[in-house]
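Undergrad: Here are the chains, one letter per residue:
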Amino acid sequence: MSEHDFEWRRGLRDLSGPAQPQRDLWLDIASRIQAEAPPVAAAPRRRRVVAWAMAASVALAALLIGTVQLQQPAAPPQAAAHPKTDPAEAIAAVDRQFKQVRTQDPRLAAASVELDAAADEIRQMLQQQPDAVFLVGLLNRTNERRLKLARMGQASS
Amino acid sequence: MNTAACVPMSHAMPESAPAAADDGALVRRSMSGDIRAFELLYRKHVGRVHGAILRIVGMNHARAEELTQDAFVRAWQKLGGFRFESAFSTWLYRLGVNVALMDLRGGNGEQNVEDEVLELAAGGDVPFCAGERSDLEQAVAKLPPRARAVLVLHDVEGWKHEEIANELGMAIGSSKAQLHRARGLVRKLLGAAA
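As they're listed, the protein sequences go chains A and B. The letter at position 92 of the first sequence is residue 92 when you use our numbering, and the numbering goes up by one with no holes. The letter at position 106 of the second sequence is residue 106 when you use our numbering, and the numbering goes up by one with no holes.
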């Protein structure tokens, strides 16, 4: 590469850098984007997925609890059939119902307390990480075990 | 000849965005539909985006401004897909370059431009402005679009051939060949201007 080549190649590198437009483009850009809907953020979309997953989880849990409660005539009327609009609040309501149908069998009490504590912990983690789909799955599996335990307790009484 | 190209790079538009503004916060506000936050991002980054586009389109100011508008409108539309895994400025810059390259791919004036360049290199009219920078800008502007894009991305913007080949949908070898060709043409054009 000749010295002349070296000079203009170095000159090319110096061409980099910002160059402002000769007029303000913002008004045109703003008028174009104002005609459109706001950008859809990925995170809220994911939150919506989580919310749906949580809502589905609540509905399933409510249904299952309902089947257990049908076999307990003394149980008070539950709000489980009317899940709350806010998924987190609805999950908390379902959790309260799980605790109401908790088995009284002393042989199952330790496992029941353990599962309740696990569910509480997962709910707290969900409050901190509302986007975490895996936590909804974990809560579902924990609730399935709680329900199984409730049924075992009912069968033994 | 485009006389506007002889005007020095205009820096008349001040960077009105506060230098310390946090892009992440502005992006999040923009994602929720805050156009004012997006304007601050525009003010902060328009120079870099427009600069790259302007060089790729051969110092055609009117076209560069249209494409810069397109780039920011597209950025607004695609903001929901921004994952905060890279700097917003980098994401925006790449998007702007991509808009310019898409425009280039859609163009069909390759042969005409090349003929013009070859004519100039053979000793035609010498349209360069005084001053080395302007000479260079004009020489680059006279290149065929694809060769110019490769030269600008490699020698000015510092991209690697792999990245250029990927963006332009060509083989790495083609990118290298285009760069060799572009440098040869610039050398001729600068020789003609001397």
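Think of the hints as simulated: they come from the structure by calculation, not from any bench. Heads up, a few of these hints could be off.
Beta-carbon label-pair distances, calculated as ranges [claimed, not checked]:
id	chain 1	residue 1	chain 2	residue 2	range
1	B	Ser89	A	Glu114	20 to 30 Å
2	A	Gln127	B	Arg133	49 to 59 Å
3	B	Ala171	A	Asp5	24 to 34 Å
4	A	Gln34	B	Gly173	38 to 48 Å
To give a feel for the contact side, a few chain A residues facing chain B, derived at Cβ under 8 Å [as the list claims (entries may be wrong)]:
id	residue
5	Asp5
6	Trp8
7	Arg9
8	Leu12
9	Arg32
10	Gln34
11	Glu36
12	Met152
Yeah, the Cβ is synthetic: ideal placement off N, Cα and C, and Gly gets one too.
Undergrad: None of the hints should be skipped; say for each whether it holds.
TA: Status of each hint after checking the structure:
1. Remark: the range hint 20 to 30 Å for B:Ser89 to A:Glu114 is contradicted by a beta-carbon distance near 50 Å.
2. Under the hint 49 to 59 Å, the C-beta atoms of A:Gln127 and B:Arg133, about 58 Å apart, fit the expected range.
3. The hint said 24 to 34 Å for the Cβ distance between B:Ala171 and A:Asp5, and at roughly 26 Å that hint holds.
4. With their beta carbons about 46 Å apart, A:Gln34 and B:Gly173 fall inside the hinted range of 38 to 48 Å.
5. Of the supplied interface hints, the one on A:Asp5 holds, with its beta-carbon coming within about 7 Å of a beta-carbon of chain B, less than 8 Å.
6. Taking 8 Å as the C-beta contact cut-off toward chain B, the hint placing A:Trp8 at the interface holds, the least distance being around 6 Å.
7. Interface restraint check: A:Arg9 against chain B, minimum CB-CB distance 6 Å, threshold 8 Å, status holds.
8. Here the hint on A:Leu12 is kept, as its CB sits about 4 Å from the closest CB of chain B, short of 8 Å.
9. Given hint, A:Arg32 at the interface with chain B, holds; its Cβ is 5 Å from that chain's nearest Cβ, closer than 8 Å.
10. Checking A:Gln34 against chain B by beta carbon gives a least distance of about 7 Å; that is within 8 Å, so the hint holds.
11. For the restraint placing A:Glu36 at the interface with chain B, the shortest Cβ-Cβ distance is roughly 7 Å, inside the 8 Å limit, so the hint holds.
12. Checking A:Met152 against chain B: minimum C-beta separation of about 45 Å lies over 8 Å; hint violated.
In this structure, the hints that do not hold are numbers 1, 12, in rising order.
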